[in-house]
Amino acid sequence: MQAIIKTAQRENWAAKYQAQVAAVISNKADAAGLALARAQGVATAVLEHTAFANREAFDDALAQRIDSYATPGQPPLVLLAGFMRILTPGFVNHYAGRLVNIHPSLLPAFAGLNTHQRAIDAGCKVAGATVHLVTPELDHGPILAQAVVPVLPGDSAATLAARVLSQEHLIYPQAVLGLLRNI
Numbered sequence: 441m442q443a444i445i446k447t448a449q450r451e452n453w454a455a456k457y458q459a460q461v462a463a464v465i466s467n468k469a470d471a472a473g474l475a476l477a478r479a480q481g482v483a484t485a486v487l488e489h490t491a492f493a494n495r496e497a498f499d500d501a502l503a504q505r506i507d508s509y510a511t512p513g514q515p516p517l518v519l520l521a522g523f524m525r526i527l528t529p530g531f532v533n534h535y536a537g538r539l540v541n542i543h544p545s546l547l548p549a550f551a552g553l554n555t556h557q558r559a560i561d562a563g564c565k566v567a568g569a570t571v572h573l574v575t576p577e578l579d580h581g582p583i584l585a586q587a588v589v590p591v592l593p594g595d596s597a598a599t600l601a602a603r604v605l606s607q608e609h610l611i612y613p614q615a616v617l618g619l620l621r622n623i
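Counting in the working numbering, the final residue of the sequence shown is number 623, and the numbers go up one at a time with none missing.
Since the hints were derived computationally from the structure, they do not count as laboratory data.
Incorrect hints may appear among the rest.
[As the list claims (entries may be wrong)] What follows is a list of derived Cβ distance ranges for each label pair:
#1 620 x 594: 22 to 30 Å
#2 606 x 563: 36 to 44 Å
#3 450 x 490: 33 to 41 Å
#4 456 x 594: 42 to 50 Å
#5 492 x 578: 15 to 23 Å
#6 475 x 623: 23 to 31 Å
#7 501 x 566: 35 to 43 Å
#8 516 x 480: 12 to 20 Å
#9 563 x 504: 17 to 25 Å
Built from N, CA and C at the ideal position, the CB exists for glycine as well.
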C-alpha cells in the first residue's frame, strides 16, 4: 500500500492518468497502513468487520464506503494490500475487473496462507509474488504481474518473505499502472 501511494505521488498519476489513491480502508483500527496513509495525506477509514452480523453485511458496507470515495463517472480500482479477509462473491462481482490483490507466491502455486514455508517445505528453487485480479475463487484470478526470487539454502519463512516483499513493492505499483493505462 505504501509503495503504491508513493509511486502514485512520485510519478504524478493524478495528472497523467486522472488517478489517485483516494483512501485506505481497514477492518482493523490498529493497522499500520492507516498511519502510513495519513502521513502521506491520504484519507483513511476503519470498518470493523466484527461490528457486522455476517460477512455479507460487512462486504456491503465496505462496498458502500469504497464507492463513497469514487470520483463520479470513474469506477474505482480497488487494491487489496494486507487485507486478510475472504470477500463474498457479491463484493467481488461488484468490482469485477477492478479488484486487485497481491499474493506472496507464484500463483497458481501455494494459494492461501503460509506460502513461504510451504514453498521451502516443497523444495522449491524459486518463490515469488503475484499481482492478480480477484475472482470469487481464492487466489485464482487472471495474473497481471509476477516476480521471482530464489529460495536460498538455509532460508527460513521469514528470510524468504523479506526477499519476496521487496519484489512486491516493485510489481504492485507497476501492475496498477498497467491497468490505469488501459482504462
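Taking the hints in turn, this is what the structure says about them:
Take residue 620 and residue 594: their Cβ atoms lie about 40 Å apart, and the range 22 to 30 Å is violated. Take residue 606 and residue 563: their Cβ atoms lie about 23 Å apart, and the range 36 to 44 Å is violated. Between residue 450 and residue 490 the CB atoms are about 36 Å apart, so this pair conforms to the stated range of 33 to 41 Å. The hinted window of 42 to 50 Å between residue 456 and residue 594 holds, with their beta carbons roughly 44 Å apart.
At about 21 Å, the CB distance of residue 492 to residue 578 agrees with the hint of 15 to 23 Å. As the Cβ distance of residue 475 to residue 623 is approximately 30 Å, the hint placing it in 23 to 31 Å holds. Hint check: residue 501 to residue 566, Cβ distance near 40 Å, so the stated range 35 to 43 Å holds. In this structure the supplied range 12 to 20 Å holds for residue 516 paired with residue 480, their Cβ-Cβ distance being about 18 Å.
Roughly 46 Å separates the CB atoms of residue 563 and residue 504, a value that falls outside the hinted 17 to 25 Å.
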